[in-house]
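Chain by chain, the residues run as shown.
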Amino acid sequence: MIIVVPGLAVRRYLEDAVAAVSRRGHEVRMPAAPGAPGTEPDLRRYGEELAGTLARADVLLAVSVGCQAAAVAAAAVPVRRLVLISPTVDPRVRSWPALAGAWLRGTGDEPPRLGLEQLPDWRRAGARRLAAVVRSALRERLEDTLPRVASPVTVVHGEHDSITSHAYAAALAAAPGRDLVVVPGATHSWPYGDGARFADLVDELAR
Amino acid sequence: MTPVPPERTVASFDSASAFLRAGAAALRGEPFPHLGQGRARATAVRAAARLPWPLLREVYTRAGAAEALDPARLADVDTEAVAGWLAAHHPRRRYPAVLVGSSNGALAHLAAAAQVPWLPTTVLLPVRHAGDPDRPDEALRFGARAAAPLLERNPDVVLHQMHDQLQDRLMVARMAYFRLKWRRLPGAYRRFVERALPPGAPVVLVEDTSAWPVTRVGERHVFQAGAQGGRDPDWYLRRPRTPRPDEEAAEAEWGLEPDLAADVAAWCRATGRPLVRVSYDGPQRPAHAVAVTLRDWSGAERLVVPSFVLGDPWSTVNAGAAPFWTFFPVRPALRALADHLAAVPAYREVDVLLFNHGVRSEGVAGPAEWLDVARASGARARLLAVRPERFPHDIASLARYGPALARLPRDGRPWSPLRLDAALAGLSGGPVVTETWEPPAGHA
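Note that the protein sequences, when read in sequence, are chains A and B. Numbering (numbering that gives the first Met the number 0) for the first sequence: 0 to 206. Numbering (numbering that gives the first Met the number 0) for the second sequence: 0 to 443.
Some hints could be false.
[As the list claims (entries may be wrong)] Selected chain A positions facing chain B (Cβ under 8 angstroms, derived; list incomplete):
{"#": "1", "residue": "174"}
{"#": "2", "residue": "179"}
{"#": "3", "residue": "200"}
By construction, these hints were calculated from the structure, which means they are not laboratory data. For glycine and all other residues, C-beta sits at the position ideal for the given N, C-alpha and C.
Work out the full structure: start from the sequences and follow the hints.
In structure tokens form, the structure reads like this:
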């Protein structure tokens, strides 16, 4: 089973990419995003709850702040592989203003339709829950959690990710049993709008 | 006196500076346009390039000369601080290896693909000195007078003063080229290696064994007339007013100081650090093996031909292209490209960059010759960032190559850094020799 953990209270924008993976014959499950109504907005607690649903044969694939929760889960329950796409939060932007600035700078590079896809999910979550997820993301240090993960880890970095730097992604991947994948031209929201390339990568990683 | 800041000590237009900054940019996942200078400077270069050549030559020469250090400040140069500043260019993380040693553009591309840092062991310190380019004897006398305080303050370096009135003609009229070579691994490099390498990860010593006849000026000071390029040492030595050589030494720009090789080997043994020595004779040698290795790794159908400092390892690697670096736009480099193209299956595209050094010097190979060689292989060939009618005066190519490489068509395939073992295996054989020393089992 491939489990896809979405980012900040948004799930809908990933559905096409997940469907592309599913069409390749993979069994895929995408739980509700951290901070979505009915879920835990604290990434640590979200990860601990997620751990209870994992099996050793699973590939756990997470996006953006979902990576922080997924690492907590994989530290508790080893999986076949942990895949961290656009992992957050780079220490370079580990404050409210810096993170907001990086996000705003990146919006110009993102596909124009992305905001339309994400807005309804964010509206449903509400400002208070979104803020709770971000507070938790600023607190939860992925680089401290990863050493407790025994599973192989792949860090996937989009070349034009404005929030996560290449240097941070590469530093996360710099340990035995971990590797880095660079996606040319991709932004922080990858794999949004790029289902085929995403499915190719998942095929390779799930092999 | 206050020490000279490291960034004022080292020339930004030098190959070691360019490869260091291009390599560090690649480790940050960033392109390296206009030699890492700001956008404003790149715009100024593009604007100045519209000037007629006699005026542009003056601007180009003055810009280079502005980097030269007042000889009265040589006693305030601190090469240990320079080493610390060079090492600090690299992002802090664990690396699978660190390259240390000779400057080489092909290996800079290999390092970018493998995401490993390279620490230069030769840097160029330009020293203000107005002189006749055709009077190397005067340049030597100036160096002999000026260098003592520098060498006294910095016991870990040797000075290879270089005077190339052919390829650096415009610059040697306004500055003396002091190339400083470390003979012991600087403390800052040792600390960098200790911090950046996990146990068992090797130091890779890059050892260009190029030598050149030199005149000994002092115990740690030699003078080199001419440099690797379109002409051999004899051509320079036959010229009038050229000091007679009395021995051979490591070539000023590319060669590795033999004492340094011994010091690095001793340090690795003492600390139980694996050492890989990558040796070759001349800067052009590794280009073929690097191109083949990176083509195998990426499946490239496009060959990019960087020229001296004109190149961007990150943009080239990230576009899925293979690089065949040429050390200067001269005939020996052109022959090496022809040999490479004859030895491998044809590329679909070949993109040629040409460094413009402002002088139609002997041995230089022009745009048409490069295109002919590339096309003879069956590839579609074009010049990138260079206006052929302006060669070798097209200084604006320095501002154009970055955007041109960033616009390369990409295959878009996600990629993982080249594994170190694959990189080293690819280099081995042919003119590049690799030799590995592993600490004995149980070494603490």
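Hints, one by one, checked against the model:
A hinted interface residue such as residue 174 of chain A counts as satisfied when its beta carbon comes closer than 8 angstroms to some beta carbon of chain B; here the least separation is about 7 angstroms, so the hint holds. Taken as an interface hint, residue 179 of chain A checks out: its beta carbon lies about 6 angstroms from the nearest beta carbon of chain B, inside 8 angstroms. Nearest Cβ of chain B to the Cβ of residue 200 of chain A: about 6 angstroms, under the 8 angstroms cut. The hint holds.
Every hint from the earlier list agrees with this structure, and none is contradicted.
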